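Residue numbers (my numbering), protein chains in the order written: chain R, 1 to 159; chain C, 1 to 159; chain S, 1 to 159.
Everything labelled a hint here was simulated from the structure, so no lab data went into it.
One thing to keep in mind: the hints can contain errors.
In this list, chains with the same sequence are indistinguishable; a pair is considered to hold if it fits within one copy or across any two.
Said to hold, decoys possible - Below are the BS3-like pairs computed for lysine-lysine, each with C-alpha atoms no more than 30 Å apart in a straight line:
| id | residue 1 | residue 2 |
| --- | --- | --- |
| 1 | Lys-46 | Lys-65 |
| 2 | Lys-30 | Lys-59 |
| 3 | Lys-64 | Lys-46 |
| 4 | Lys-30 | Lys-151 |
| 5 | Lys-46 | Lys-151 |
| 6 | Lys-64 | Lys-151 |
| 7 | Lys-151 | Lys-65 |
| 8 | Lys-151 | Lys-59 |
| 9 | Lys-154 | Lys-46 |
Just so we're clear, the structure is a prediction, and the values are computed from it rather than from any experiment.
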Amino acid sequence: RRGEMAKSAQLIDNEVFRAYATYAAIVLLKMMLMSLITAYFRMTRKAFVNPEDTAAFGKGESAKKFLRTDPDVERVRRGHLNDLENIVPFVGIGLLYALSGPELSTALLHFRIFTGARIFHTFAYLLPLPQPGRGLSWAVGYSVTFSMAYKVLKSAWLL
Amino acid sequence: RRGEMAKSAQLIDNEVFRAYATYAAIVLLKMMLMSLITAYFRMTRKAFVNPEDTAAFGKGESAKKFLRTDPDVERVRRGHLNDLENIVPFVGIGLLYALSGPELSTALLHFRIFTGARIFHTFAYLLPLPQPGRGLSWAVGYSVTFSMAYKVLKSAWLL
Amino acid sequence: RRGEMAKSAQLIDNEVFRAYATYAAIVLLKMMLMSLITAYFRMTRKAFVNPEDTAAFGKGESAKKFLRTDPDVERVRRGHLNDLENIVPFVGIGLLYALSGPELSTALLHFRIFTGARIFHTFAYLLPLPQPGRGLSWAVGYSVTFSMAYKVLKSAWLL
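Next up, chain R with everything else stripped away, as it sits in the complex (with noise of 0.2 Å):
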């Protein structure tokens, strides 16, 4: 058995593409960690979007007036779409860097960098904490993308 999973995925043998795994995982995860979060504001908050998510409150105009946007909720949703945009971006970019050849501690430092950065980003929205700290962690993980892309694009340009 072992033989048949080395062979049919040699790549998760390959300690880079491991601490790629395992990095993307997380942030991955985290970003998912949002969808529960808007869904705690929207019950506590008793602020929703959809008519039929309120029936368990009432019926007829009572119901209604759960129908309306809250400023936590839509902090969140925020940060939820923030992490959309920068996050995939990373994932997808991270995979071929990680197949590009990269020295391992070069490439942990880059999954790391961008991990802290987008953890402290959700801190930094969700608190939320005074500027620039939400600006400079979105900016590091922009940058490491930016790097793990320059790098692929060395690696890889054909055009």
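Given the coordinates of chain R, assemble chains C and S onto it according to the supplied hints.
Same frame as chain R, but now just chains C and S:
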């Protein structure tokens, strides 16, 4: 030619990877379908957001009345965003999962349940069905992705 | 070192995969550019959404007037969301397509048309150009991704 293809892309000869490719393509196509449904509702409800999109319906003030939001359009857009938030992590984590050497039967179980749950979720959102139909289908898809992420982290863990 | 890199990441030695990596990195960087354009318009139009982002422009009531939506900012944000809805499926399906053993010339045709269409789409959205320029460029990119998905499903089909 066959030898060359096998050499350059052995992954596609692996059954788990073929199953992943099939289901990933299906759910991504399903997500893309939301763009067409949005366009359909924008046309039939005459509800647009960009001034240049209403030019075909008249000039000046007569076109401005089509710059408005419509509940059906907004509902499809929320379904589309929910797909981005859930299908994108499935595609990313699913790829790593497929490369982590799972049993074919276990992998198929994950991919089939996720795909079924997301197709149900779309119907539940668009018809709409009463809750907790949509909520449960969302939770099922979420749990499948979480289960795959657990396997990925257990197999690949290199922090 | 070269031997080690080749062993650990043979994919990058495959010409179709190199072409995929090049174009995927380009369109993901193009998508990331939308964040910078949004930030540019938020700064120059002084239109923010988070109270903590306006602190640099004054305290209390004087800062509140910068918490507003601006048509130019919203336009860039719509372009960014459209990129997420279209570039993300291209990157996911394109990876599977690159691993399904297409001819290099056919693959390059797909990648080049998609990339050209999405760059045109961004200009059409931001200038803006009159319709149907933006609509057609959207449809071209959409069709390319659909064509790649067809090839993936034909090659990999395992339900």
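Structure-based check of all given hints:
Within a single copy, Lys-46 and Lys-65 get their C-alpha atoms as close as 9 Å, and across copies as close as 28 Å, so both meet the 30 Å cut-off. In this homomeric assembly, Lys-30 and Lys-59 never come within 30 Å of each other (Cα to Cα): the closest approach is 36 Å inside a single copy and 33 Å across copies. Within a single copy, Lys-64 and Lys-46 get their C-alpha atoms as close as 11 Å, and across copies as close as 26 Å, so both meet the 30 Å cut-off. Proximity of Lys-30 and Lys-151 under a CA criterion of 30 Å is satisfied in both settings, with 26 Å inside one chain copy and 16 Å between copies.
Proximity of Lys-46 to Lys-151 under the C-alpha cut-off of 30 Å is found in neither arrangement, the shortest distances being 47 Å within a copy and 35 Å between copies. In this assembly of identical chains, the alpha carbons of Lys-64 and Lys-151 never lie at most 30 Å apart, being 53 Å within a copy and 43 Å across copies at closest. Taking the shortest Cα distances, Lys-151 and Lys-65 never come within 30 Å of each other, neither inside one copy (53 Å) nor across copies (43 Å). In this assembly of identical chains, Lys-151 and Lys-59 lie within 30 Å of each other by CA distance neither inside one copy nor across copies; the values are 58 Å within and 44 Å between.
In this homomeric assembly, Lys-154 and Lys-46 never come within 30 Å of each other (Cα to Cα): the closest approach is 51 Å inside a single copy and 38 Å across copies.
Violated hints, in rising order: 2, 5, 6, 7, 8, 9; the structure is consistent with all others.
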